[in-house]
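Each chain, written out:
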Amino acid sequence: MGRALLETKLKIPQQRRDLVHRPGLRHRLDGAWSSPLTLVSAPAGFGKTTLLTQWLAGAAAPRAAVAWLSLDARDNDPALFLAYLVTAVQHVSPGVGVTALSLLESPGTSTEAILLTVINDLAGVDHEVVVVLDDYHVIEAGEVQEGVAFLAEHVPAHVHLVISSRADPALPLARFRACGELVEIRAADLRFTAAEATAYLNDVMSLALRPQDVAALELRTEGWIAALQLAALSLRGRDDSAAFIAGFAGDDRYVVDYLAEEVLHRQPENVRDFLLRTCVLSRMSGPLCDAVTGQDGGNAMLAALDRANLFVVPLDDRRQWYRYHHLFADVLRARLLDERPAQVAELHRLASDWHALNGDRPEAVRHALASGDFNRAAAVVELAVPELRRTRQEATLRSWLEALPNELIKVRPVLSVAYAGALLVYGELDGAEERLRDAEARLEDVAQQRQSSTEAAPATVVVDRAALPALPASIALYRAAQARIHGDVAGTIAHARRAIDLAPEGDHLARGAPAGLLGLAYWTVGDLDAAHQWYTEASVNLGKAGHLADVLGCTIALADICTAKGRLGEAMRTYQRSLTLAAAQSPLRGEADMHVGLAQILRERNDVDAAWAHLTTSRELGEHAALPQNRYRWRLVMARLRQIEGDADGALDLLDEAEQLYTSDYFPDVRPIPAVRARVLLAQGRLDDAVRWARDRGLASDDELSYLHEYEHLTLARILIARVANGEDRWEETTRLLSRLLDAADRGGRTGIVTEVLALQALTEQARGEGQAAVALLRRAATLAEPEGYVRLFLDEGPRMTSLLQTLVRQGDAPEHARLLLSATARTEPRVAASQGLVDPLSAREVEVLRMLGSDLDGPEIASQLVVSLNTVRTHTKNIYAKLGVNSRRAAVRRSKDLGLL
Amino acid sequence: MSTPPANHRHEQLTYEIRVQGRLDQRWAAWFDGLTVTAHGDGTTALAGPIVDQAALHGLLQRLHDIGVPLISVTQIDGPAPAPSNS
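Quick note, the sequences are listed as chains A and B, same order.
Mind the numbering: the first sequence is residues 1 to 902 in this note's numbering, read in order.
Mind the numbering: the second sequence is residues 1 to 86 in this note's numbering, read in order.
Hint data in this document are derived by calculation from the structure and do not stem from the laboratory.
Each residue gets a CB set at the ideal place from its N, CA and C atoms; glycine is no exception.
Possibly wrong hints are sitting among the right ones.
[What the hints assert, rightly or not] Derived Cβ-Cβ restraints for the label pairs, each shown as a range:
(1) Gln295/A / Asp77/B: 45 to 55 Å
(2) Leu60/B / Ala174/A: 41 to 51 Å
(3) Asp77/B / Arg465/A: 53 to 63 Å
(4) Pro341/A / Leu60/B: 37 to 47 Å
(5) Asp77/B / Pro341/A: 48 to 58 Å
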């Protein structure tokens, strides 16, 4: 899916043959080849762009490696800016940014994540690349500025960012300066010196001025190139240059006023008129100029202006498109406003018409807004809605809608619905419902074929009639989305069902999106069968609509639901199917999450190595291939792998990080991180800490049970079992809770939970010394666990479970799965070498850290390799030193070699 | 949103922006109808009510765009532009 990009923005501007050579500045710019950032910062008319094109045309800079982007105000939309930036880079390195462009099509990818893929691609390029961002001062959007700062700070050594701007950009310039990583060219450097002024006036412009006249001009203009150009144009064809210069030098008027007056005064009336009428255009072609001037000959006029060097800049090789020098355009526009204020709106209206007819809707909107003709602007915006949504330029859509008067939007149902959608994309509820109601009222009018529901109100306006049939479904969908944000499950279900009923035939997206909301709603209330059915429906339709990234989101929900229902195999197949699907567009956003999902199931089946491998793959795919939730989910699974290794501290550390990184995707939080932590604490024997968690959560054994809190109550049950084992009189309380949990899980068809509760009941009986009852319950649990291969469900319970399994297996008629579980306990007991020759042996984790201490890695690198925080590495290191009786890294390595540990 | 707060007129303040160079009277419309007064010392004062800070920054931006050196920006009490102090 391409977007309409203006090729002219990506062209290095043509340089005139007749230029003043500036070897000194070009030499300074050569520093850009060894610097990440170069800044050319000076007001308009200081020759910034010209200098850059001169430099790039020079021998040191092969043109092939220059990605050029001329920015304009529209690039404040991050999606559009990124599309241009990547396309510019692709002009010189075609392989770069393929991922980035595909990510731009999927929702919610951050600017930084997209830029990261570009940076990674650039790292693989085998030649120098210069990325020029010209006219950077037009960028005001924080997101774009932050993106460029991120880019500047992370570009590989052979990539160089060059920014030209009228004002210093919002980048950490001081830091770059302090590190010697900034090449800077400023106004003082760009001013023409006396020699350059002479070269320009006498050689380039052939004015044959006397040295004292050149000196006077240089002094009066302070070397400002735009002013010298104007002066040269004023002097051309004059025989009284000395007198003119004397008059100019002796005057204190703003130089541009003085000189522009002279230049314009000397133009024939038709040229003056052309300049004043066309100055409203941000770019000009012959036909566009004709439309605005109401005359023929635009092409010829532009060519004449080009030849006379009258402030036009050609934008392409064929000289079809031009623009005025920015400074001169401002002078002309100010003059137009002063001399013909009544004409301005009309000129913009004509320009808007021409652009609308010729397919440049953004420019048509800009001119319509400038003309104050909001009706026209609203009409063009309405037609542009589908394209803007497809290319995710919600920021642009929103800025246009905000520029339109509310009364105009209210009578336009297509715009009202688009507005509600643009608000909800940002999670904003304020005003969305009002927009939807406006749209509904107007749709009613359309259906009744009447002008307006109330006599006095203005008539309903629909420009894009093709958009009408889909509006009722969109309204219902947005209502469902609102209800979901409000946590109103019944409302979500009602509106989403309505949206599906209203979806036009064959509109897969219109079916898929509400189906997903239905799946979510049913999941939230624990109706797993309905949830599974609707998520499947959503997944199929979103797939047909080509929204693969959203399919992956459904996959996580489907697999989680399967897991809760005790269908591990199906969950696994669901992830694998989606991975196959994603392979066609890899890396696809959400792909990394599939691997984390697989790792979680593989962990349950005690295939620790395979789980590790999938977590590694997930990490290698990178954040751009992951949904925002993957950052915490990854750590959650990794923590539980660490736990298997006997590294409880490492696990707790990861859980802390996971908790900090937690972001909701509106999926029910059926495995809350604090509850997972409580289980790890309990396994460590820290019963008091676990009890404190339960108290803080306000959990009690006689709580009303619900699917949403099942994980927490199962955790509470484990705490109670530990207390029973400690001799506390809580057996009845524990049994009652467990049998209620069993009942609920059984009724909800959650076989996985049923198995878990049976295992916990076995432990309860064992804790109060009822060995036979315990073994009988464990036998049932093991039998249920066998088909789907549950292992960790038992093994995570630790030594008490191991001994119970031993008892069961000794009885002879134990299920095969029980034997398997018992042999698995032997294999995965924490691997701590017994023969370390230390009083206090190193843990498996500490041995791992010790090995890295023997390498060249520094602390942060070790932390990153082990995927833990630096603090954790320090804790491990401290413990290792203590156990080895040393106090330095080198001593630790030596001592461990002596002991044969390394 | 598209409509400014209803009380914006009360928040409107008067500013004087002083720039280097004698600026032509014809810029008045370009600079939102501020009065453009050239002074004998080769500077120009642009003065008048400015809706809010965003409008003020927009004006300064436009001055920067035409390359006029900025000397000072002063908020003036009261509705009328204060007389020049030079």
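Original post:
If you check each hint against the structure, which ones fail?
Top reply: 2, 4, 5
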